[in-house]
Amino acid sequence: NAGVTQTPKFQVLKTGQSMTLQCAQDMNHNSMYWYRQDPGMGLRLIYYSASEGTTDKGEVPNGYNVSRLNKREFSLRLESAAPSQTSVYFCASSVGQGRAEAFFGQGTRLTVV
Amino acid sequence: GEDVEQSLFLSVREGDSSVINCTYTDSSSTYLYWYKQEPGAGLQLLTYIFSNMDMKQDQRLTVLLNKKDKHLSLRIADTQTGDSAIYFCAERLNSGNTPLVFGKGTRLSVIA
Numbered sequence: 001n002a003g004v005t006q007t008p009k010f011q012v013l014k015t016g017q018s019m020t021l022q023c024a025q026d027m028n029h030n031s032m033y034w035y036r037q038d039p040g041m042g043l044r045l046i047y048y049s050a051s052e053g054t055t056d057k058g059e060v061p062n063g064y065n066v067s068r069l070n071k072r073e074f075s076l077r078l079e080s081a082a083p084s085q086t087s088v089y090f091c092a093s094s095v096g097q098g099r100a101e102a103f104f105g106q107g108t109r110l111t112v113v
Numbered sequence: 114g115e116d117v118e119q120s121l122f123l124s125v126r127e128g129d130s131s132v133i134n135c136t137y138t139d140s141s142s143t144y145l146y147w148y149k150q151e152p153g154a155g156l157q158l159l160t161y162i163f164s165n166m167d168m169k170q171d172q173r174l175t176v177l178l179n180k181k182d183k184h185l186s187l188r189i190a191d192t193q194t195g196d197s198a199i200y201f202c203a204e205r206l207n208s209g210n211t212p213l214v215f216g217k218g219t220r221l222s223v224i225a
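Residue numbers (the working numbering), protein chains in the order written: chain A, 1 to 113; chain V, 114 to 225.
Everything hinted at is true.
No more than 27 Å apart at the CA atoms, straight line, and that leaves these computed lysine-lysine pairs for BS3-like:
(1) V/Lys149 - V/Lys181
(2) A/Lys57 - A/Lys9
(3) V/Lys169 - V/Lys181
(4) V/Lys183 - V/Lys149
(5) A/Lys9 - V/Lys149
(6) V/Lys149 - A/Lys57
Treat the hints as calculated values from the structure; they're not laboratory data.
From a predicted model like this one, the values you see are computed outputs, not experimental measurements.
Only chain A is shown next, with the shape it has when bound in the complex (with noise of 0.2 Å):
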């Protein structure tokens, strides 16, 4: 089993370019997140989703996009992006009932120029 794949691992983008967060899991978990990791702030939830078809924001959803376009993948959307959207991004995923811990990516390393 591969878990939860992110792609890309590295991306550089200019201010102002889009771009997408690719996130899939193969556990058949119901909820999957988004959170961005900066120095110093540990995680901060972007956006979840807590069953397919439902997005909810998230601590610091703005500049952020979602699409759960099935129930294996979560794809997060920087229309615009901004030198503060530096960060590392991690895309997690949890069965959603009982003990549900969160499984974790690998996470996408972003730097905005």
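Position chain V relative to chain A; hints supplied.
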């Protein structure tokens, strides 16, 4: 609102015990988790504890939960250089499909 606090740094000598502390604010937390992040990698679940438990032991790891003080700790016995990483405390509120809330992480450095 929910908030999870951790100290940012901890340094220990190889072979000693490490204790990483965490405080949380929401008494409705159902599960509390400890994750480990090695350099350049994602987060991996180390262990978890259900809110009706006081203690959980798993090999070198001991988790203590004090619900009255909203305090969670992770003890690593016989700390090794491979334990050097960032450790995150996280809580889940209410139902299983709510997102985890993470602390800022504690960077553990193990000195040989």
